[in-house]
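Visitor: Heads up: the protein sequence lines correspond to chains A and B, in order. Residues are numbered in the working numbering as their position in the first sequence, beginning at 1, plus a constant of 220. Residues are numbered in the working numbering as their position in the second sequence, beginning at 1, plus a constant of 606.
It is possible that part of the hints are untrue.
[Unchecked claim] Taking beta-carbon pairs under 10 Å as the criterion, some of the chain B residues facing chain A (in silico):
(1) 651
(2) 655
(3) 662
(4) 670
(5) 757
(6) 906
(7) 908
(8) 966
(9) 970
[As the list claims (entries may be wrong)] Simulated restraints, written as ranges between beta carbons of each label pair:
(10) A:302 x B:694: 27 to 33 Å
(11) B:680 x A:545: 53 to 59 Å
(12) A:547 x B:693: 48 to 54 Å
(13) B:987 x A:541: 35 to 41 Å
(14) B:870 x A:302: 54 to 60 Å
(15) B:691 x A:589: 51 to 57 Å
(16) A:361 x B:862: 53 to 59 Å
(17) B:862 x A:449: 39 to 45 Å
(18) B:915 x A:301: 40 to 46 Å
(19) B:747 x A:361: 56 to 62 Å
(20) B:847 x A:363: 55 to 61 Å
[Stated by the list, open to error] Under the rule of at most 30 Å between Cα atoms (straight-line distance), these lysine-lysine pairs were calculated in the BS3-like manner:
(21) B:686 x A:595
(22) B:686 x A:330
(23) B:971 x B:915
(24) A:586 x A:549
(25) A:309 x B:686
Because the hints were derived from the structure by calculation, they are not lab data. Ideal Cβ placement from N, Cα and C applies to all residues, glycine included.
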Amino acid sequence: MATTMLLLPPGGWLHSSRHSTAAAVGGFGGRGCHHHHGPPALRSEGACLHGVQPPVSCALPPWARGRAMVMLQAGLCPGLTAEMIQLLKASGIRTVVDLISSDLEEVAQKCSLSYKALVAVRRVLLAQFSAFPINGVHLYEELKSSMAILSTGNKSLDTLLDSGLYTGEVMELMGAPGSGKTQVCLSIAASVSHSLKQNVLFIDSTGGFTASRLLQLVQFRTEEEEEQVEALQRIQVAHVFDIYKMLAALQELRHCMSQQVVCSGGPVKLLVVDSVSAVVCPLFGGRQSEGLALMMQLARELKTLAREFGLATVVTNHVTRDSSSGHLKPALGRSWSFVPSTRVLLERSQGALGKASTQCIASLTKSPRQPTGIKVELDIGGYGALEERPVFMSAVVFSSKTNPIELVYYVGVLL
Amino acid sequence: MDRLRRERHVLGAGRARPEEEVAPGPTWVAPCRKPGSGGRAMQRDLGSLPLAPALRARLVGAGFSTAQELLEVGPCELSKEIGISNEEALETLQVIRQECDSDAARMGGDPTSLRTCTALELLEQEQAQGFVVTFCSVLDDILGGGVQLTKITEICGAPGVGKTQLCMQLAVDVQIPECFGGLAGEAVYIDTEGSFMVERVADIATACVQHCQLIAEAHQEEDHHKALETFSLESILSHIYYFRCHDYTELLAQIYLLPDFLSEHSKVRLVAVDGIAFPFRHDFEDLSLRTRLLNGLAQQLISIANDHKLAVILTNQMTTRIGQSQSTLVPALGESWGHAATIRLILHWDNNQRLATLYKSPSQKESTVPYCITPHGFRDVQPPPPSQTPEGSEMNPRKRPRIEEDKQ
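Pulled out of the complex, with its shape left as it was, chain A reads as follows:
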């Protein structure tokens, strides 16, 4: 059975192709548009990657919209009747992708169906389920109106990240045990919650979240108790310790955000997951395929959440030692390395007399905007941990026609 190549655009679904402004073909639409394409070849490996997702405006019932690989059912499009479906099922064609990718002449012969009818059905299905290209200029306009940059509160870290955390993207912090990942996460959460007054969701899977340390960080930024209390109330914490619970937590976040339910005051703008490798590592080792599939599921959830709802996402990862070269490399392998768009490695610096100091060195190992290899020094041991009292804060108003909630975004210290 010859499989015809579909309209699926090239390029993996995991890298942010929106940065190529020449992406006139199959660009990712802005927010609220589900366009995720998995290469059809992976379907046979048993991985849970799905094919095309239909745009929201198609005439499918609500529960079937947004789902890929829909099974063929009567009434999915005009001309697709129940008998047709039975005949197709008998010859092994069950889903939309099966029908679209099969050779219609053969199918018409095998199932004794009219070729014209099949072609008509296929055309309608393609129209319903495929993506459509978007102009680079429109993409840029959309980005300008929906993306924001959240300052991390520390000037040197902001320099490293090209002025801060970009919404819609995933940033990964990696480091050896005790190198300061949790401290940096807590500090970023405190800064976003207090200085930028945005809601934060902190998903803790290691038990490293200590509220008293967070209080110290917030107290360093402000003396007034009311502000401290408010800042602490804006941070929601979820304790999840295995992969299924983490997926459920992300599902709940999606539910909250899509219904614009007020989760104590406003939509979440920053999602911190500490750490991703703690829940994914127990899945690897014995049977690789299951672990990989679940990890990719998690990756997809994180990326689509970030993209659809404009969240800035920070995840932490472990490092392992490369057996051949002895260098540190991030855990979770090559498949995960496509998920974050920015990667920062944290290392403890050796202070004087061989005693480890509270300084740590952050180096940029992957970034879509900055040259890699930049290093900055951060002080994570102090009571302020990464805090520098903001010298100059500017509020830049981005006009947004679609979503009245994001009206004002703060861009931290302008460089």
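Starting from the known structure of chain A, fit chain B onto it as the hints suggest.
Guide: Using the frame of chain A, we list chain B on its own:
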């Protein structure tokens, strides 16, 4: 979104217009559930539901992709479609229905399943819960008050430096009544090396009881005396639940059965695993399996610590890492195990002095303090007493400030 929809009209000949409503066929009627609440939960992807991988592969191959589609199909049709037995199909559907129900309940506002709470609430909880004291005041200081609840503390050290002593001390200290500053809890002790000596625990317990009696005499309060009636050597020993595991399978089984045990004994506030490295270090050919088992164990332990609000103590051995020019002692079980423990304490020698270094902690700074082990247990290093104190020579003068704290 509007702009995008308009564009589709422009581009599309032969594209379905959104106004074209397609009459849904009979198979589309959503199953009769609570209207509205189940809708979102039904769209859970099959990949995120806890199913066996072989089963999941068959379901995906048959074209199912969401929980909704599966639940519409009855168990008989399901078993025919993917070729499993009727019982398996029924089980699968039950599991999925349970997941979706709990999801729906959670989204309907029932907060017990996921337990998202604000940082403020967590702060209040943290401030209300106590610590397990170690009777060495400088160590308690660098730990922030003692061993923390809801976290895993790992104690690493060379042989003979005092890891098991500290575990035994903590198993006794967790039972100190609340009026003396303790938690009045019970302890679970899982031993893999066989180094638990009951006589030594009896000594430590006797010394602890004596210490509390001295405090009670000094303060003469009602509840102190009442608490002392129940706090005796027999009660301490009877509230330490001891499990002996001989290899890693038994250890894993014990840890996986622990939640059931803890739901029956809800007063347990400490779980000590003495020797987590020992069963995993010898006789393990497959290192990736070892990493996987250890990581799963760590996640199970932190989940237990969080759900039942108790402290987990693990002891680890040391191994030598050979570098370019020198070799250093590092904790065993590899690099990835370092991420498992929230707080890491390394015990080591410096000439004849034992030192404890706090190596990793989310809220405390890294520091090193000396300690010593006396016949009464884990204690501070005693400065040579200048004169005989009225409380008796074994009372360390530095421990007196604790009495004031106990009164709070």
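Visitor: Work down the list of hints and note, for each, if the structure agrees.
Guide: So, going through the hints one by one against the coordinates:
| no. | hint | in the structure |
| --- | --- | --- |
| 1 | 651 | holds, 7 Å |
| 2 | 655 | holds, 7 Å |
| 3 | 662 | holds, 7 Å |
| 4 | 670 | holds, 7 Å |
| 5 | 757 | holds, 5 Å |
| 6 | 906 | holds, 8 Å |
| 7 | 908 | holds, 5 Å |
| 8 | 966 | holds, 4 Å |
| 9 | 970 | holds, 9 Å |
| 10 | A:302 x B:694: 27 to 33 Å | holds, 28 Å |
| 11 | B:680 x A:545: 53 to 59 Å | holds, 56 Å |
| 12 | A:547 x B:693: 48 to 54 Å | holds, 52 Å |
| 13 | B:987 x A:541: 35 to 41 Å | holds, 37 Å |
| 14 | B:870 x A:302: 54 to 60 Å | holds, 55 Å |
| 15 | B:691 x A:589: 51 to 57 Å | holds, 55 Å |
| 16 | A:361 x B:862: 53 to 59 Å | holds, 54 Å |
| 17 | B:862 x A:449: 39 to 45 Å | holds, 40 Å |
| 18 | B:915 x A:301: 40 to 46 Å | violated, 60 Å |
| 19 | B:747 x A:361: 56 to 62 Å | holds, 58 Å |
| 20 | B:847 x A:363: 55 to 61 Å | holds, 59 Å |
| 21 | B:686 x A:595 | violated, 60 Å |
| 22 | B:686 x A:330 | holds, 23 Å |
| 23 | B:971 x B:915 | holds, 24 Å |
| 24 | A:586 x A:549 | holds, 12 Å |
| 25 | A:309 x B:686 | holds, 13 Å |
The earlier numbered hints that this structure contradicts are 18, 21.
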